[in-house]
Structure formats: C-alpha cells, structure tokens
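Full structure from sequences and hints, please.
For the protein sequence lines, the chains are A and B, in the order given. Using the UniProt record's numbering, the first residue of the first sequence is number 1, and each one after it goes up by one. Using the UniProt record's numbering, the first residue of the second sequence is number 1, and each one after it goes up by one.
Since the hints were made in silico from the structure, they are not lab data. Cβ coordinates follow ideal geometry from the N, Cα and C atoms, glycine included. Treat the hints with care, since some could be wrong.
Some chain A residues close to chain B (C-beta under 10 Å, calculated; not the full set) [what the hints assert, rightly or not]: (1) Glu65; (2) Tyr72; (3) Ala91; (4) Met97; (5) Phe116; (6) Arg147; (7) Ser159; (8) Val160; (9) Asp179.
30 Å max Cα-Cα, derived DSBU-like pairs, lysine-lysine [claimed, not checked]: (10) Lys180/B / Lys23/A; (11) Lys237/B / Lys36/B; (12) Lys180/A / Lys46/B; (13) Lys46/A / Lys164/B; (14) Lys98/B / Lys180/A; (15) Lys46/A / Lys180/B; (16) Lys36/B / Lys138/A; (17) Lys138/A / Lys164/B; (18) Lys237/B / Lys36/A; (19) Lys36/B / Lys46/A; (20) Lys98/A / Lys98/B; (21) Lys23/B / Lys139/A; (22) Lys139/A / Lys206/B; (23) Lys98/A / Lys23/B; (24) Lys98/B / Lys138/A; (25) Lys36/A / Lys98/B; (26) Lys164/A / Lys164/B; (27) Lys139/A / Lys98/B; (28) Lys98/B / Lys164/A.
2 protein chains.
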Amino acid sequence: MLTLYLNWNAVCAQKVLLTLEEKNIAYTLVHIDLAKFEQHDPAYLKLNPAGVVPTLVHDQQVVVESSVIIEYLEDAFPDARLRPPAPSQRAQMRWWMKTVDDTVHGSLRPLSFVRFAQSYAQTLSDDTLREITARMPKKDLAEIWQRVARSPYSDDELSVYLHKVEDVLDRMDQALAQDKWLAGDEFSLADIAMTPYFRRMVQLDKQVLWQGVRPHVADWVKRIEARPSFAVLDRVKQMFGPQS
Amino acid sequence: MLTLYLNWNAVCAQKVLLTLEEKNIAYTLVHIDLAKFEQHDPAYLKLNPAGVVPTLVHDQQVVVESSVIIEYLEDAFPDARLRPPAPSQRAQMRWWMKTVDDTVHGSLRPLSFVRFAQSYAQTLSDDTLREITARMPKKDLAEIWQRVARSPYSDDELSVYLHKVEDVLDRMDQALAQDKWLAGDEFSLADIAMTPYFRRMVQLDKQVLWQGVRPHVADWVKRIEARPSFAVLDRVKQMFGPQS
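Spelled out as structure tokens, the structure:
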C-alpha cells in the first residue's frame, strides 16, 4: 500500500510521480489543494510538519522531502534501476539532485510566485496575509508570500535568479555533451529530479533558455518528453488541475 | 590514492574527515587556507568551481559537496558500514543529512561569521571588500561577507537563526528518545553529518542548547565525542590551525 500526497503543479511532487511511473509501482494519490492551504491542515501537518508536498506513505512508513523519497523508492523497489551502479556515477547523480534542490528550486521559486501567485497575493488584506503566513511552518515560504504581496521583487532581483538557472543550464549542456544522461549513460534519478523544472520553465515561457542556444539540453528535453513516464504530468493536471 | 582538500575549521570538510576515520580509509590532506582565500586559486577552482571546501579526489574521480562525498565513500568503500540496510532507516538518515545541509548549516553560518569574521571584515576597505566578494563564485557567501562588513545582522535576525537551530535540536531530542542514533540503532552518516555543527556550537559557547535541557541530545554528544574518530578534529586543528 503506497500513497502519495501531491499537488498536480508542485515540482517536488512531480519528481516522485515520475519515479513511481518509471519503476511501475502501484500507488494511490491524495491531492492537496495548495490554493486552499490544505497543506496546513492539522492532519496533514502530522504527516509532514513542514507543511509542503509531497509526502509518501508506504505501509506504515512516512517519508518526506522529494530527494529523500526518490532514493527511498530506489532502495525499497530496486527493480527498474534508476541509480547507476558505479560509485562515481552515483556521486554525479547526487550532485545534480543537490543542485536541483539548492539552486534550481530556489531560483525558479520567486519567478513562479511572481507569475502564478502575485496577483492573488496582492488582493489579500493585511489581516488575511498575516494569518496565512503565520500558519506556514517554512519561514522562507512565508517571506516569499510577503514579498509578492507587498514588496514585489525588482527586475534586477529576478534577473539574478534567472542567471543562477542559466549557470546550471550551462553546466548541464557541458555534461550532456559528454554523456547521454546527467549521471552517465543510464537514465537516473538526476534526470527525474530535473524534469519538473523544465516543465515549470515552459509554463514561464522560458524555452529560449535552451532552444537554439544549448543544443545538448534541448536534445535531452526532447528525449525526456518522449518517455512514457512523462505523460503522467498531464494526467494529474487533468485529474486535479483547474477545470477551464 | 585519495586526497582530501580541507580547512581544519570548515564544518563540511570535517564531515568527510570523520567518515574517512570511521571507515579506516587511508588519505592525504591538502590544507586550503580560507583566510588567504586559497579556495579561489584558479587551480583549486578547476577542482571545485564553487570555491569551497571540501573536495575529494579519489584516483581520477573528483567529488564535491560534503553530503555527496560521504555517500560516495560509502558506495566506494562499503566496509565498516555507515548506511543502515533498511530502506526506511536510509530515508531517515538522508532526511537528517538534508536537514543539516538546509537548516543547520545555513542558520549557524551567520552566527559563525559574526563571531569569527566580522571584526576582520570590518577592517577591509571598500575596494578590498569588493575585490574579495567579486571573486566568490557563491553569491550567498559574498552576501554574508557584505553583511558582516557593512550592515551587521541585528540581534533579531540572529535570534531567528538560533531559533531554527533550536527547532532542529527539539526534533533531534525526540528522535534520540526513541533510537540510539539518528537513523536508528546503527551509527550512520546522519550522526557524522551533525557532529561538526556541535563542535561549532561549542566554539560559539552554545552548549546551553543541550546541556540540562535536551537530555537525549546531551547523551548523544557524549557518545559522539567518545568515538575514536572524533579525535581527528583536534589533530587537524593542531596540524593546520593557528599556532598560538
């Protein structure tokens, strides 16, 4: 019995979904509506004290943090290997996973909030804003809400974030000029960890960051999107996304 | 042939040292004098583009990022196991390693800079400060230098950082009330990852955070300090630290 608590549009939850699909593991989904702040419900906070998605519950085991979850799935379900056997390639894989968590995630987050949450955040009264941010266990998230609601990021600040992403894409283009996948010749958790952020960059109309300028990244994106696992991202959007 | 580039007082480098000692792996040390900014030497930047310690070179393989390095050592030298076999305990181990990287490291860093770098940073001319920070590949480090040199952290800011550490220590005390070590009944990379930060808190006179208030943490600290591996931290201090 394996249950994934996710939001259809949350990048970290998408990493876990892709891993489940690649490994052909049976799962049940529970959708957490972030716009309704269901991630702060006391019952959910018991599973995930940070109040974020995803959370994995496998039998009695609760696992949080997407990078930890996908390594857990690899340990618990070793079939359909997504972690290369050579220690040096595993190190490469984990370096990319850490770069996704530390640099890509943190840099794309303000850009995403500006695009998707700012106009809503600016309609909130001071009282509501205070109430919402006070409920957030992660203070860095509360700070971003405060910023987009009341003191929007300047163009200079946003371009610093974008520049950090471009640095990673440069490293990625160099790596993919040598190897088929990020951790060598095998598709791995590193490629999975990076995938949702490319989908996010498409939502932000940032395909210009690779199309025509970083050919090895552009080729990698095509190969990623052609994998059967990728279709799960559209399926959960249809299941749980806004009905328009 | 295994070489570790370290600084005697750098917490992340100490994680790797402790792992090498626990696993009884032979190694050579190269000391990087951070006060002389040797981490920005072009030759070192070729190994470690982020310009930080540690860097591990094993045969031809260069591995950076301390959490990635210690998992690499476990993969490459499986004897003297430091990663529990059960997937659920491995997930626990990695959750703690990630908490150390994401929360403990980032929260203790400003406190350490205030104590150890601020008085020096404030003597720097604008030109020198600009020159030093411009050379730093990691812009978050440059920002901390800028802060301690020119607009010191307020007491309120520092107490927010300290509070984040206290939250982690609360979780740790709960975990250690259940299990002997952070990832269960076996000493693991999670305990190693946490150890240098306790040494750092002692340097910052913060033993009050556990002595008499968080008994399970206090007991864990005693057991950590009694391990033969712990003595390496004093040995590198004697080898490379300030001669007074």
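Hint-by-hint comparison with the structure:
1. Glu65: With a closest approach of 6 Å, the Glu65/A hint holds.
2. Tyr72: holds (4 Å)
3. Ala91: holds (4 Å)
4. Met97: holds (9 Å)
5. Phe116: Hint on Phe116/A: violated, closest Cβ of chain B at ~24 Å, above 10 Å.
6. Arg147: violated (16 Å)
7. Ser159: violated (13 Å)
8. Val160: Given a least distance of 8 Å, the restraint on Val160/A holds.
9. Asp179: The hint is violated - Asp179/A has no Cβ within 10 Å of chain B, the shortest such distance being about 15 Å.
10. Lys180/B / Lys23/A: Since the Cα atoms of Lys180/B and Lys23/A sit roughly 34 Å apart, the hinted pair is violated (cutoff 30 Å).
11. Lys237/B / Lys36/B: Given that 30 Å is the threshold and the Cα spacing comes to 17 Å, the pair holds.
12. Lys180/A / Lys46/B: holds (23 Å)
13. Lys46/A / Lys164/B: holds (19 Å)
14. Lys98/B / Lys180/A: This hinted pair holds, its Cα atoms lying about 28 Å apart.
15. Lys46/A / Lys180/B: This hinted pair holds, its Cα atoms lying about 23 Å apart.
16. Lys36/B / Lys138/A: violated (36 Å)
17. Lys138/A / Lys164/B: holds (10 Å)
18. Lys237/B / Lys36/A: violated (53 Å)
19. Lys36/B / Lys46/A: It is violated: about 48 Å lies between the C-alpha atoms, which goes past 30 Å.
20. Lys98/A / Lys98/B: holds (9 Å)
21. Lys23/B / Lys139/A: violated (38 Å)
22. Lys139/A / Lys206/B: Distance ~23 Å between Lys139/A and Lys206/B Cα, so the pair holds.
23. Lys98/A / Lys23/B: holds (24 Å)
24. Lys98/B / Lys138/A: OK: Lys98/B and Lys138/A at ~15 Å, within 30 Å.
25. Lys36/A / Lys98/B: Holds. Lys36/A to Lys98/B sits at ~28 Å (cutoff 30 Å).
26. Lys164/A / Lys164/B: holds (26 Å)
27. Lys139/A / Lys98/B: holds (17 Å)
28. Lys98/B / Lys164/A: Within the cut-off at roughly 21 Å; holds.
Checked against the numbered hints given earlier, this structure breaks hints 5, 6, 7, 9, 10, 16, 18, 19 and 21; the rest are met.
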